[in-house]
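Participant: Listed below, chain by chain, are the residues.
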Amino acid sequence: MFASLFSEREMTIHVASSARRECPTVYLAKMRPYESEIARNLDTVLRQGCNTSFEITLLEVEENKQFLAFSALQSKGFDATMWQKLGVDFVIVPVLEQNGVTLHVLDVYTARTAALQQHGIAVSRGMQCAQMNNLVDRLFQEVLKKQCIVAKKILFARQIEDPKLSEDKWKSEIWQMDYDGQNQEQVTFENSYSITPSLIYDKKNSPNYHFLYVCYKQGQPRIYIASKKEGRGSELIALQGNQLLPEMSRDHGVIAFISDALGRSDLYLQRLGPNGPTDKAVQAYSFPKATIASPTLSPDATKVAFVTDQFGTLRICLIDAELALSSRKRQTPQVLTRTHTENTAPHFSPDGTKLAYSAKVSGMRQIFVYDFRTKEELQVTFGLGNKENPKWASDNMHIVYNSTSPTYDIFLTDIVRKEPVRLTQNSGKCHYPSMQQ
Amino acid sequence: MVYIFIMRKWFLQLLILASMLGLTSCVTMVAGWFDSIRTGTGQTLSKTPVKGSAEGELRQVKSKEEFFGEINSDVIVLEEEDAQSFYTDFNAPQSRHVPGSKNSPVPSIASFHNPTRDQLTIFKKIYFETDKYVPKLKENYLTVHRIAAFLKKHSKTSLFIEGHCDERASEAYNLALGTRRANHVRTLLIKEGIPSKQIYTISYGKERPEANGHNENSWAKNRRVTFKLYEEN
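So the sequence lines, in the order shown, correspond to chains Z and S. Residue numbers 561 to 997, in this note's numbering, belong to the letters of the first sequence in order. Residue numbers 792 to 1024, in this note's numbering, belong to the letters of the second sequence in order.
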């Protein structure tokens, strides 16, 4: 069998001398054997997963490269110089066997080889996708040492309207899905109305992730914290009134949220310690007759951006979060976005250089990106239908968001190719996405 | 003589209150009241804080604590006076009791009910203009007045005010706008003398539209506050 040949690690490899490029070029061979439907499906998922990364250049499949990749392996010889002439840094050969899939990786520059294995192939298409995405994630982390979003989960709120029930019986729970929309699974079981999930940053990306959300189970919307395993959350902040739109800093030291504790919708910051909230919640920003919404914390938690209507139309503003926590003096906010109207739902990119938000252009709400370095506002989505609630993926390149017309569905797009992929369809009102970072 | 003494006492109380609020506060406070007048708040025409007693009479309050109930000590508030809602906007802080929580005398919303058929003549929906949280029509203020009268008679009845929005603004912003609408109506009721601990607010944003159309008629129906009641036994 072909794979058995490949499993031998001690191959003769002619190593090229020049340094590898910052954005390595990868040749992903067509899966062998390719004849079966399952092989073609797995191949598609693998290719799609690799293609999401902007940190590699994925070459198209070509017959001559395909032949070279496999014949080199079969003969236990690998001409790295030849691959370098072809502009390739890594060669990846996926092999489907009875006991699973193996990705054989050849590093043209270091002569190292690696074999990443997925034991067993699931029956369901969704789980097959998850298995391949995990393989791609391992490939990026262990071999390519690059970022990849394919193993990240997306949380979202799903509202189910049952026409047999009264208005008060509308339900909304928090769900999760894979980055490609596969394996949708209910996460909260509050039997109530839960919205605006916000994943808490976890460097290890534990499968039992934690998240914040807002639930109406007592009447007033309150902020809850839950883990994937629990299904039901615990109330986090004792502050009275409505608590809305929470976001926790990456260091878990502070939560930004909106509350009407003082009778209008203001921006609040709440310090957190190992055992939960410490000290009192801080009224971080308020302005007479203004409605404040959608706070988002910079990755280092030094800044907080939010929406305010105090300038007429909705604008996204920025204040110093540390100063807000230490001083009771109201800051003069820095207005960030000026080009379009109704700027809402800002979200800081993980590297802190950009802000995704929604703004109205030609009567439609579209997703934009504000770049702090250039101060430019880049439109990311186009066409009919309103789009809202953009949230960044960990690679600072992808954005997940939801449409609100004609249907409420979740989409994933990127800021370069700008080709949105629909992740949900015909399954209730899906909105407020949040992606693992 | 007695009359003069009462008048002098009333004037002194007014002076004390004015000094508490400060000159700037007074200006902004009046602006807040003016807003109510301009928009037709029939029962809040007075430019000095007055509060109805349980019997429905007007009396002078001596402090903001008396007006709004216990001032929130769970929050570190911005030092600017206009950020402290009891000045400029006359927005009343929320009651420290969270309905349904431990030690709260008020149960969760599951125990509240929609107005009965009889009550529907009092607890009418209040409607708003686009992106506004202050109702414009006089009939809305009459509704507030009738609700206040009902709550004065039924002091053991608690009220939930639910704020809703139409579909046009973004979802997240509408959640915040819904709180402003519900809180504004709550404040109007507190101005009419209803204790703050008797009234609670919820914002649903645009999560629960009443009309599902995508036209002005439907949007107008969805920009509303609605009411739920709970009668303590």
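Everything labelled a hint here was simulated from the structure, so no lab data went into it. Beta carbons: idealized from backbone N, C-alpha and C, even for Gly. Be aware that one or more of the hints could be misleading.
[What the hints assert, rightly or not] Below 25 Å or equal to it, Euclidean Cα-Cα: the simulated BS3-like pairs (lysine-lysine) are: (1) Z:K849 x S:K929; (2) S:K1012 x Z:K731; (3) S:K947 x Z:K849.
[Claimed, not checked] One-sided and incomplete, this derived list gives chain S residues near chain Z with beta-carbon spacing under 7 Å: (4) V889; (5) K893; (6) I900; (7) T970; (8) N1006.
Participant: Which numbered hints does this structure break?
Facilitator: 3, 5 and 8
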